[in-house]
Amino acid sequence: MDLALAALLCALGGCVAGLIGVGGGIIFVPAMTIVLSKGQVEAEATSLLMIALVSLVGTWRQKRYGNVNLRDALLIGLLSPVGVVIGVVAANNLPERALRIGFAILLLYMAARLLRRVFTPDDPGSGASSPPAGAGPAPAPGPPSGPAGS
Amino acid sequence: MGSRRIWSLAAVGTLAGAFSGLFGVGGGTVIVPMLIALFAYGERLATGTSLAAIVIIAVLAAALHGGIYGKVDLDTGLILTVPAIAGVIFGTALQQRIPEKAVSLIFSVLLIGVAIEMVVG
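Sequences listed follow chains A and B, in order.
Add 73 to a position in the first sequence, counting from 1, and you land on the number used in our numbering.
Heads up: the second sequence at position 84 corresponds to 73 in our numbering, and the numbers run straight through without jumps.
If we strip away everything but chain A, and leave its shape as in the complex, we get (with noise of 0.2 Å):
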């Protein structure tokens, strides 16, 4: 019963890695704590293995949908152990709370600019909310602003 529930969350974790391209462990971690009663660490483990074969199926979906730039991710995914070592010393070094608070300033900063997008209306001319699949990213639009380009 407790493996059919987790089951359950688990294809929620997955739907929600569908939707908005997160690798669900946000969801899968705690069906394995809560209702499975593993360990934090062997659930967060376990996770990551979900993580890397749901993220494939779901890459391979969104391929097939031309909504993949396989260049960037590869960018994106090959620097990122670079940066778990820069957190890990930062986390290690640097007090939490600051840490806690920069990040979270920076996550309401996206929240902003996200949401500043959805409430724009649209330019009829451009389909810019909808483009065709396999279209690519648009040009950026200059050069980046706030964090990533500090």
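Incorrect hints may appear among the rest.
Stretch-level coverage of chain B by chain A, calculated; a stretch enters the list once three of its residues show a Cβ under 8 Å from a Cβ in chain A [said to hold, decoys possible]:
1) -7 to 6
2) 30 to 40
3) 47 to 54
4) 57 to 63
5) 73 to 83
Stretch-level coverage of chain A by chain B, calculated; a stretch enters the list once three of its residues show a Cβ under 8 Å from a Cβ in chain B [as the list claims (entries may be wrong)]:
6) 86 to 99
7) 136 to 146
8) 153 to 165
Some but not every residue of chain A turned toward chain B, in silico, with C-beta under 7 Å [unchecked claim]:
9) Ala80
10) Cys83
11) Leu121
12) Met123
13) Leu129
14) Leu180
15) Ala184
16) Arg186
17) Leu187
18) Arg190
Rather than coming from a laboratory, the hints here were simulated on the basis of the structure.
Backbone N, C-alpha and C fix where the C-beta goes; we use that ideal spot for every residue, glycine too.
Dock chain B against chain A, hints included.
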């Protein structure tokens, strides 16, 4: 690809990794909004590209956990992956049928929720 764009994408990857290393939250939480907000990606392209990047990140991290620390529960993971894969196939299909801006709206709510959790949690 211009060098400025390469460096900017490198910054996205590094920031996504740092976020994961610091807080254990997946890189997609950072990758998707940055691709949309800073690189003018459409929502569908951002989420698809994010999933492809996450494959690399998760494979490396899972190999580290499984290979060095032996913490991966292979049986449970593979059993639960079956419904999760059904979910991701449904989710990607559903995404093609909703307005792109709906994805941004859902993601905004997620970001605000995670930001609040980080501060008060």
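(request) Against the structure, test the hints numbered earlier, and report the numbers of the ones violated in rising order. (result) none
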